[in-house]
Amino acid sequence: MIDETTDRTVNEYVTAMVGGELFGLPIGRVQDVFVPDRVTRVPLAPPEIAGILNLRGRIVTLVDLCHRLGLEHRDPSVMAIGVELKGESYGLMIDQVGEVMSLDVADFERNPVNLDRNLAAVTSGIYRLESQLLLVLDIDRVLDIGRGAAAA
Amino acid sequence: MDDLLREFVTETNESLDVVDVELVRFEQDPNNARILDNIFRLVHTIKGTCGFLGLPRLEALAHAAETVMGKFRDGLPATHEAVSVILATIDRIKEILAALERDQCEPDGSDSDLIADLESIAERTKKPMPRTAEEATEQALGRPLRPGEVSLDELERAFRETPVDPRAVKTTKPAAEDPPKDEEAVRASAQSIRVTVDTIEHLMTMVSELVLTRNQLLEIVRRHDDSEFKTPLQRLSNVTAELQEGVMKTRMQPIGSAWQKFPRIIRDLAHDLGKEIELELQGAETELDRQVLDLIKDPLTHMLRNSADHGLETPAERRAAGKPHQGYIRLSAYHEGGHIIIQLSDDGRGLNTARIKAKALAQGLISEAEAEKLSDAQIHKFIFAAGFSTAQAVTAVSGRGVGMDVVRNNIDQIGGTIDVKSVSGQGVSFTIKIPLTLAIVAALIVEVGGSRFAIPQLSVIELVRARKGGDHRIERIKDTAVLRLRDKLLPLARLSKLLGIEGKDALEGGYIVVTQVGNQTFGIVVDGVFHTEEIVVKPMSSKLRDIPMFSGNTILGDGAVIMIIDPNGVARSLGTAVATQLAAAERAQAQDPEKADADMTSMLLFRAGSSQPKAVPLSLITRLEEIDARKIELSNGRHMVQYRGQLMPLVSMTDKPVRSEGAQPLLVFSDGQRSMALVVDEIVDIVEDHLDIQVGSGNPGVLGSAVIKGHATEIVDVAHFLPLAFEDWFRRKDDTRRERQRTVLLVDDSPFFRNMLMPVLQAAGYAVAAAGSAKEALALIEAGKTFDSVVTDIEMPEMDGFELAEALRADPRSATVPVIALSSQVSTDLIERGRRAGLHDYVAKFDRQGLIASLMEQTGMGNAA
Numbered sequence: 001m002i003d004e005t006t007d008r009t010v011n012e013y014v015t016a017m018v019g020g021e022l023f024g025l026p027i028g029r030v031q032d033v034f035v036p037d038r039v040t041r042v043p044l045a046p047p048e049i050a051g052i053l054n055l056r057g058r059i060v061t062l063v064d065l066c067h068r069l070g071l072e073h074r075d076p077s078v079m080a081i082g083v084e085l086k087g088e089s090y091g092l093m094i095d096q097v098g099e100v101m102s103l104d105v106a107d108f109e110r111n112p113v114n115l116d117r118n119l120a121a122v123t124s125g126i127y128r129l130e131s132q133l134l135l136v137l138d139i140d141r142v143l144d145i146g147r148g149a150a151a152a
Numbered sequence: 001m002d003d004l005l006r007e008f009v010t011e012t013n014e015s016l017d018v019v020d021v022e023l024v025r026f027e028q029d030p031n032n033a034r035i036l037d038n039i040f041r042l043v044h045t046i047k048g049t050c051g052f053l054g055l056p057r058l059e060a061l062a063h064a065a066e067t068v069m070g071k072f073r074d075g076l077p078a079t080h081e082a083v084s085v086i087l088a089t090i091d092r093i094k095e096i097l098a099a100l101e102r103d104q105c106e107p108d109g110s111d112s113d114l115i116a117d118l119e120s121i122a123e124r125t126k127k128p129m130p131r132t133a134e135e136a137t138e139q140a141l142g143r144p145l146r147p148g149e150v151s152l153d154e155l156e157r158a159f160r161e162t163p164v165d166p167r168a169v170k171t172t173k174p175a176a177e178d179p180p181k182d183e184e185a186v187r188a189s190a191q192s193i194r195v196t197v198d199t200i201e202h203l204m205t206m207v208s209e210l211v212l213t214r215n216q217l218l219e220i221v222r223r224h225d226d227s228e229f230k231t232p233l234q235r236l237s238n239v240t241a242e243l244q245e246g247v248m249k250t251r252m253q254p255i256g257s258a259w260q261k262f263p264r265i266i267r268d269l270a271h272d273l274g275k276e277i278e279l280e281l282q283g284a285e286t287e288l289d290r291q292v293l294d295l296i297k298d299p300l301t302h303m304l305r306n307s308a309d310h311g312l313e314t315p316a317e318r319r320a321a322g323k324p325h326q327g328y329i330r331l332s333a334y335h336e337g338g339h340i341i342i343q344l345s346d347d348g349r350g351l352n353t354a355r356i357k358a359k360a361l362a363q364g365l366i367s368e369a370e371a372e373k374l375s376d377a378q379i380h381k382f383i384f385a386a387g388f389s390t391a392q393a394v395t396a397v398s399g400r401g402v403g404m405d406v407v408r409n410n411i412d413q414i415g416g417t418i419d420v421k422s423v424s425g426q427g428v429s430f431t432i433k434i435p436l437t438l439a440i441v442a443a444l445i446v447e448v449g450g451s452r453f454a455i456p457q458l459s460v461i462e463l464v465r466a467r468k469g470g471d472h473r474i475e476r477i478k479d480t481a482v483l484r485l486r487d488k489l490l491p492l493a494r495l496s497k498l499l500g501i502e503g504k505d506a507l508e509g510g511y512i513v514v515t516q517v518g519n520q521t522f523g524i525v526v527d528g529v530f531h532t533e534e535i536v537v538k539p540m541s542s543k544l545r546d547i548p549m550f551s552g553n554t555i556l557g558d559g560a561v562i563m564i565i566d567p568n569g570v571a572r573s574l575g576t577a578v579a580t581q582l583a584a585a586e587r588a589q590a591q592d593p594e595k596a597d598a599d600m601t602s603m604l605l606f607r608a609g610s611s612q613p614k615a616v617p618l619s620l621i622t623r624l625e626e627i628d629a630r631k632i633e634l635s636n637g638r639h640m641v642q643y644r645g646q647l648m649p650l651v652s653m654t655d656k657p658v659r660s661e662g663a664q665p666l667l668v669f670s671d672g673q674r675s676m677a678l679v680v681d682e683i684v685d686i687v688e689d690h691l692d693i694q695v696g697s698g699n700p701g702v703l704g705s706a707v708i709k710g711h712a713t714e715i716v717d718v719a720h721f722l723p724l725a726f727e728d729w730f731r732r733k734d735d736t737r738r739e740r741q742r743t744v745l746l747v748d749d750s751p752f753f754r755n756m757l758m759p760v761l762q763a764a765g766y767a768v769a770a771a772g773s774a775k776e777a778l779a780l781i782e783a784g785k786t787f788d789s790v791v792t793d794i795e796m797p798e799m800d801g802f803e804l805a806e807a808l809r810a811d812p813r814s815a816t817v818p819v820i821a822l823s824s825q826v827s828t829d830l831i832e833r834g835r836r837a838g839l840h841d842y843v844a845k846f847d848r849q850g851l852i853a854s855l856m857e858q859t860g861m862g863n864a865a
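As given, the protein sequences belong to chains A and B, one line each in that order.
Using UniProt numbering, you'd call the opening residue of the first sequence number 1 and step up by one each time.
Using UniProt numbering, you'd call the opening residue of the second sequence number 1 and step up by one each time.
Please note: incorrect hints may appear among the correct ones.
Here are the simulated lysine-lysine pairs, DSSO-like style, with alpha carbons at most 30 Å apart [as the list claims (entries may be wrong)]:
no. : chain 1 : residue 1 : chain 2 : residue 2
1   : A       : K86       : B       : K297
2   : B       : K373      : B       : K359
3   : B       : K488      : B       : K709
4   : A       : K86       : B       : K538
5   : B       : K373      : B       : K488
6   : B       : K373      : B       : K297
Listing some non-contacts, in silico: residues in chain B with all C-beta distances to chain A over 10 Å [what the hints assert, rightly or not]:
no. : residue
7   : A99
8   : E209
9   : E228
10  : E285
11  : A481
12  : G500
13  : A560
14  : V668
Quick caveat, the hints were computed from the structure, so don't treat them as lab data.
Think of the CB as a built atom: it goes at the ideal place given N, C-alpha and C, for glycine as much as any other residue.
The shape of chain A in the complex, shown without the other chains (with noise of 0.2 Å):
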């Protein structure tokens, strides 16, 4: 896998914590990262959508990661990362925004058999970080609402 470009062996992601673990997205699909206000909660939503909130003059819809990803909120969710699905925005909210990291597509791991189930649906792979694990989450599976929660 190793080739004389270099440029094209590296990964980035924007890596956020979530409910206590580590999270890498792909940075090509981050819009931007933002603090929710005044976000209005719909009712008879799936539980995964925390609300709809105006950010700049378009309506995001915003996702409750830690929920959705079948975690535990160990802290209140206070980010989003701005992301777009067919030409719809929405917000993943996250705990704590961390660095943009650049790794080694030569390291790029699939998951573990044992990963958590949950998890395993909406991640594409892992990074065995020095101090802990990277998942890396598949942004559409992610967004993958409705029938991705009835499977899990």
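With the hints as your guide, set chain B onto chain A.
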């Protein structure tokens, strides 16, 4: 080359659509040289352009078609066959155009088949024939008579001997009326430019953003009393409103553009089905938003096919039923308020009520017992139920599993409604009501459980506040809360309950948004009502789209995002449970609203003692109850029942004993704290009819007899029975009389605002009379009515608020009455103009507190509230 080609394709497609329509007209009216000239010119232009652009296939086809049409001009009969071949040619040209648009070049292929057909038709007449009117009609057949057909001569004779059917005459428009219109259209096209839809869409998005920003600014300024921004912002606000209107206008298209293909469809269908069909299109110039237009195109086409296929009978069946052999379909469109109304009616056999009922039973939509209670109109509504199609044979034309349910879904999606009326043997009429635009709508902002929601104003009829002992009371039929509103019982939907959030639980004192969806009227109970706001509808996230209670979301002036309530969803949630209990009440409402005028009375039909039905005006009854007969107690020789913590006396209308077991239906009458109940055998129905007592009665307790729903019915004299329960029933009234109420005349052309303001004024202690126009108001004064003050809208059609004020000043009877103006715009200019016209005060339209304060000041009723 690219641009040229694209231009050519667009233009040619438009021309061909016209040719389609004109050809069908020409076939029906082969002597109309003007139509023919028009077609000839269009085809000629197409041919010329094809030659110029080097498109040999198109050129050859257009040339052959042009030749045939040239022959038509020279007197070749326009037979069905000839027209069909030309229509087929046009279809082929369209196919080639589509390929051309896709691939930038003419597709391979040969058109020799069509060209040969066209040539053979052109060959048929070598010499031009003399064109006298009689011969032309003779020629129109262009083939020998088939068995069973009648010669034209005979038909003519039959015609002369038959009395004229006035409707048939009315529907055939004289062709001579048309030319000036066409010329106008030609001139108009010379002054227009083509803009891509994307450009307009983008413009619309930007205007939407502008509206939002303006709303935000207005919100900020509202919080600061003396802001120097006020005046420029007012200006910005007006400019934005105008810009919005302008951009909306560019998105408007005549509905006729969706209808263009219909004459052709009907012609082909008539041919395929062996029917004769006349299609009349009315109001094709009615404009609506292109987004809406796109969404109704398919449903309309489907319904038109349905009418032609299932609705209309074959000529033989029609003759047997004594109808003209030619079936008739009418499609009309017109504006009404912020809506466009589209009506599609035919004079066919009408809906088959029995078959629909059977199917509804088979599908388990209703039970046998419910089916018995439903009126025909209610049964007809089942055609809109999912998966409902009664067509026995699946024909090529319709019945492909796409039924009226899909039509209704499409119409629901755009916030429209559809209704059906059918008379057996006389035809079906569909009425579709859709909003003109979807992008920006006025909405009522309400509060439930601390959250705000928007309810589109288009479906809001009025706003009422339910109070104990007021005109609008909340009552219960079994466990269902209903609102009594002017003799009608409306089911209530508590928004907090529907949305599963915590709201105030008290129904009394809450606000009720009276909403109408189709024929269904119901009240939505909310905690509070703020104001109306022009909102920009933004589509909901796909994750939320499954929630039926919402139709979208929007950003309010203060920047908050709120959900827009979908009244259709609320109506459906009321659906079954309430529908059965309220079936009777609803039936009374479902009656033609035009008939629901002053001399119609809602009456409750019941039986007591005898089999003859009895009736009592519904407005007198407080509640209908069914109690367990075992709970009836005998006290002091009287039947009593414990009811809401009190003993309520029961009065029997006959000598028949009160039931001792089972359920006992009661009619409860209340006045203040006291209630009594009439014991009846069975509650039959609620009907709306003229209360016209024809035969008086010597029988105490019966006012007389009237014919209700075709049956002689005894009208019960409630006043006779009330004292039987409480001897002093009528004596207590007088001491509760209030001192004279101040009267207000409210003038506003919008029923919505009238209905919104009336309860506000009434709550403040005024007796309110309402007028829908300045003229109406002046007529009231003319009739000798006096008022302590007049509250009037400024912007009204015909005669505005200023003119009204001037007219009131000029009349000695009303010269001293204070006039308060309501306006959505308040500027120094207007206030100055108002002073000159004699207005006493100027209040912003939504400023209710301001209005009340001003009223008190003007009428000197400082201590009333």
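Verification of the hints:
1. Restraint check for K86/A and K297/B: satisfied, since their Cα atoms lie roughly 27 Å apart, inside the 30 Å limit.
2. Distance restraint check for K373/B and K359/B: the Cα-Cα separation of roughly 16 Å lies within the 30 Å cut-off, and the hinted pair is therefore satisfied.
3. Restraint check for K488/B and K709/B: the C-alpha separation of about 19 Å stays at or below 30 Å, so the hint holds.
4. For the suggested pair K86/A and K538/B, the alpha carbons sit about 16 Å apart, so the restraint of at most 30 Å is met.
5. This hinted pair checks out: K373/B and K488/B have alpha carbons roughly 19 Å apart, not beyond 30 Å.
6. With a C-alpha separation of about 36 Å, the suggested pair K373/B and K297/B falls outside the 30 Å cut-off, and the hint is violated.
7. No beta-carbon of chain A is positioned within 10 Å of the beta-carbon of A99/B; the least distance is around 31 Å.
8. Against the 10 Å criterion, E209/B falls within the reach of chain A, whose nearest CB is about 6 Å from its own CB.
9. Listed as a non-interface residue, E228/B keeps its Cβ farther than 10 Å from every Cβ of chain A; the least gap is roughly 26 Å.
10. The Cβ of E285/B lies farther than 10 Å from every Cβ of chain A, with a closest approach of about 35 Å, so its non-interface assignment holds.
11. With 10 Å as the threshold on Cβ separation, the claim that A481/B sits away from chain A holds: the shortest Cβ distance comes to roughly 20 Å.
12. Residue-level check failed: G500/B sits 6 Å from the nearest beta carbon of chain A, not beyond 10 Å.
13. Chain A draws A560/B into its interface by the beta-carbon criterion, the shortest separation being 6 Å against a cut-off of 10 Å.
14. For V668/B, the non-interface assignment is confirmed: its Cβ lies about 36 Å from the closest Cβ of chain A, beyond the 10 Å cut-off.
The structure fails to meet hints 6, 8, 12, 13 from the earlier list, while all remaining hints are met.
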